[in-house]
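Asker: Once you've looked at the hints, dock chain B against the given chain A.
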Amino acid sequence: MPSLKDLKNRIESVKNTRKITKAMQMVAAAKLRRAQEAAEQSRPYTERFNAVLGGLAASVGGSDSAPKLLSGTGSDQTHLLVVMTAERGLCGGFNSNIAKLARSKAEELLAKGKTVKVITVGKKGRDAIKRDLGDHFIAHVDLTEVKRVGYDNAQDIARDILARFDAEEFDVATIFYSKFVNVVSQIPTAQQIIPAAFDADEDGASTLYDYEPSEEEILADLLPRGVATQIFAALLENGASEQGARMSAMDNATRNAGEMIDKLTIEFNRSRQAVITNELIEIISGAEAL
Amino acid sequence: MANTMQFDLVSPERSLASLEATSVQIPGADGDMTAMPGHAPTLTSLRPGVVKVQSADGEKAFVVTRGFAEISAESISVIAEHAHVGSEVTKADLEDVLASARKSVEDAASEDKDAAEKFVADLVHLMDDMD
Numbered sequence: 001m002p003s004l005k006d007l008k009n010r011i012e013s014v015k016n017t018r019k020i021t022k023a024m025q026m027v028a029a030a031k032l033r034r035a036q037e038a039a040e041q042s043r044p045y046t047e048r049f050n051a052v053l054g055g056l057a058a059s060v061g062g063s064d065s066a067p068k069l070l071s072g073t074g075s076d077q078t079h080l081l082v083v084m085t086a087e088r089g090l091c092g093g094f095n096s097n098i099a100k101l102a103r104s105k106a107e108e109l110l111a112k113g114k115t116v117k118v119i120t121v122g123k124k125g126r127d128a129i130k131r132d133l134g135d136h137f138i139a140h141v142d143l144t145e146v147k148r149v150g151y152d153n154a155q156d157i158a159r160d161i162l163a164r165f166d167a168e169e170f171d172v173a174t175i176f177y178s179k180f181v182n183v184v185s186q187i188p189t190a191q192q193i194i195p196a197a198f199d200a201d202e203d204g205a206s207t208l209y210d211y212e213p214s215e216e217e218i219l220a221d222l223l224p225r226g227v228a229t230q231i232f233a234a235l236l237e238n239g240a241s242e243q244g245a246r247m248s249a250m251d252n253a254t255r256n257a258g259e260m261i262d263k264l265t266i267e268f269n270r271s272r273q274a275v276i277t278n279e280l281i282e283i284i285s286g287a288e289a290l
Numbered sequence: 001m002a003n004t005m006q007f008d009l010v011s012p013e014r015s016l017a018s019l020e021a022t023s024v025q026i027p028g029a030d031g032d033m034t035a036m037p038g039h040a041p042t043l044t045s046l047r048p049g050v051v052k053v054q055s056a057d058g059e060k061a062f063v064v065t066r067g068f069a070e071i072s073a074e075s076i077s078v079i080a081e082h083a084h085v086g087s088e089v090t091k092a093d094l095e096d097v098l099a100s101a102r103k104s105v106e107d108a109a110s111e112d113k114d115a116a117e118k119f120v121a122d123l124v125h126l127m128d129d130m131d
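Line by line, the protein sequences give chains A and B.
Residue numbers for the first sequence follow the UniProt record's numbering, so the first one is 1 and each next one is one higher.
Residue numbers for the second sequence follow the UniProt record's numbering, so the first one is 1 and each next one is one higher.
Extracted from the complex, chain A is given alone in its bound form (with noise of 0.2 angstroms):
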């Protein structure tokens, strides 16, 4: 049975714990209104361009002058899986979701005998892929000095992805990130960027446009700005979803330290109560005996 000053000396460093957790739940809250306002203020942007996009791809698209980066190189044979994940931990499964989702794509690739390649972005991510999947990676995107991601950041991941597309590395690019549904829910997201995948609604297909310059010059100067879009979408969704892990984490991590001062707060008081009566049975066996 541990002493009085141990369980005194336990109950004050959960309580330390409990507040560093709870600092950090508050934090993160702060930080998620932020990264949520960041992705919302990116939303028309990014809807406008996949709208103009997919409406110059519908109607290029099945020509066979279509830009590599819309209609692939026609082979499917070596993959690249750009897996984004935060530079922190401590925001419970969110890092290792990213990581097992990629992981599983990626055995899957290789079982059909396709070659994988990995680009990471996020420290967690690549210390986790390194790991089990050490021979594919070739690279990693260092965001740990970056404070607020900006489209800067996006268009630098882009180009990297692009230039080795050009020395035709790779066949399909598949972008790994989280989906923010809400603070208890993030959601493990593969998504294709290139070739570029657009959803089939057509409605802005109806009206006919002019074009200035042509329309093939207009699709071939938007396209390489798509996958910056994209991936811009996505490191904002992943910032959101970042915020949202830790917070319900941390959340956790503080009732869980208040829940164990509770208990060590019973245990100890029974072992004072024990010592005081141990004590008073002494003292009157003490004074019967005289």
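Please note: incorrect hints may appear among the correct ones.
[Unchecked claim] Dumping the calculated EDC-like pairs for lysine to aspartate or glutamate here, alpha-carbon to alpha-carbon at most 16 angstroms:
{"no.": "1", "chain 1": "B", "residue 1": "K103", "chain 2": "A", "residue 2": "D160"}
{"no.": "2", "chain 1": "B", "residue 1": "K118", "chain 2": "A", "residue 2": "D221"}
{"no.": "3", "chain 1": "A", "residue 1": "K147", "chain 2": "B", "residue 2": "E13"}
{"no.": "4", "chain 1": "B", "residue 1": "K60", "chain 2": "B", "residue 2": "D8"}
{"no.": "5", "chain 1": "A", "residue 1": "K100", "chain 2": "A", "residue 2": "D142"}
{"no.": "6", "chain 1": "A", "residue 1": "K15", "chain 2": "A", "residue 2": "E259"}
{"no.": "7", "chain 1": "B", "residue 1": "K52", "chain 2": "B", "residue 2": "D8"}
{"no.": "8", "chain 1": "B", "residue 1": "K60", "chain 2": "B", "residue 2": "E88"}
{"no.": "9", "chain 1": "A", "residue 1": "K117", "chain 2": "A", "residue 2": "D76"}
{"no.": "10", "chain 1": "B", "residue 1": "K113", "chain 2": "A", "residue 2": "D221"}
{"no.": "11", "chain 1": "A", "residue 1": "K117", "chain 2": "A", "residue 2": "E40"}
{"no.": "12", "chain 1": "A", "residue 1": "K114", "chain 2": "A", "residue 2": "D171"}
{"no.": "13", "chain 1": "A", "residue 1": "K31", "chain 2": "A", "residue 2": "D251"}
{"no.": "14", "chain 1": "A", "residue 1": "K105", "chain 2": "A", "residue 2": "E145"}
{"no.": "15", "chain 1": "B", "residue 1": "K103", "chain 2": "A", "residue 2": "D127"}
[To be verified] Chain B residues, not near chain A, derived (Cβ > 10 angstroms throughout):
{"no.": "16", "residue": "V10"}
{"no.": "17", "residue": "P12"}
{"no.": "18", "residue": "Q54"}
{"no.": "19", "residue": "R66"}
{"no.": "20", "residue": "E81"}
{"no.": "21", "residue": "V120"}
Rather than coming from a laboratory, the hints here were simulated on the basis of the structure.
As the structure is a prediction and not an experimental result, all values here were calculated from the model.
Backbone N, C-alpha and C fix where the C-beta goes; we use that ideal spot for every residue, glycine too.
Answerer: For chain B alone, coordinates are given in the frame of chain A:
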């Protein structure tokens, strides 16, 4: 026919403007164009330049680099990769863009070189105009 149209200017990071406009001047890739309500549906890419919006409240200017504009009879959407409100923008904001554009000229493959150089030239021209 209505004499105003919906004007939206969005960049990836935020939506800069959403208002009723009477006419909008756009720096199209093939030259400036002014769109008024009832314009034929057009899709054009942008060169670095100034978007000028005339509305009931007066004129507003926005500096944009890269992007495209979707014009229809009732609305105009300018979808720009970088956009700044005209009165806020300083040369420093554009220096970064210019620096990376200059770099991409050096890196560009020969067939893309013209386009990259044109982009730089447009930027320099835009910055000269700001003085």
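Asker: Taking the hints in turn, state whether each one holds.
Answerer: A quick look at each hint next to the structure:
1. B:K103 x A:D160: holds (15 angstroms)
2. B:K118 x A:D221: It holds: about 14 angstroms lies between the C-alpha atoms, which stays within 16 angstroms.
3. A:K147 x B:E13: holds (15 angstroms)
4. B:K60 x B:D8: Roughly 12 angstroms between the alpha carbons, so the hint for B:K60 and B:D8 holds.
5. A:K100 x A:D142: Violated - the C-alpha atoms of A:D142 and A:K100 are around 20 angstroms apart, more than 16 angstroms.
6. A:K15 x A:E259: OK: A:K15 and A:E259 at ~11 angstroms, within 16 angstroms.
7. B:K52 x B:D8: Holds: B:K52 and B:D8 sit about 12 angstroms apart, inside 16 angstroms.
8. B:K60 x B:E88: holds (12 angstroms)
9. A:K117 x A:D76: Distance of about 13 angstroms is within 16 angstroms: holds.
10. B:K113 x A:D221: The hint holds at about 14 angstroms.
11. A:K117 x A:E40: Distance ~32 angstroms between A:K117 and A:E40 Cα, so the pair is violated.
12. A:K114 x A:D171: holds (11 angstroms)
13. A:K31 x A:D251: holds (15 angstroms)
14. A:K105 x A:E145: Roughly 30 angstroms separates the two Cα atoms, so the pair is violated.
15. B:K103 x A:D127: violated (33 angstroms)
16. V10: violated (4 angstroms)
17. P12: Incorrect as stated: the minimum Cβ-Cβ distance to chain A is 4 angstroms, not above 10 angstroms.
18. Q54: Check passes; 21 angstroms lies beyond 10 angstroms.
19. R66: violated (8 angstroms)
20. E81: violated (7 angstroms)
21. V120: At roughly 16 angstroms from the nearest Cβ of chain A, B:V120 sits farther out than 10 angstroms, so the non-interface label holds.
Checked against the numbered hints above, the structure violates hints 5, 11, 14, 15, 16, 17, 19 and 20; every other hint is satisfied.
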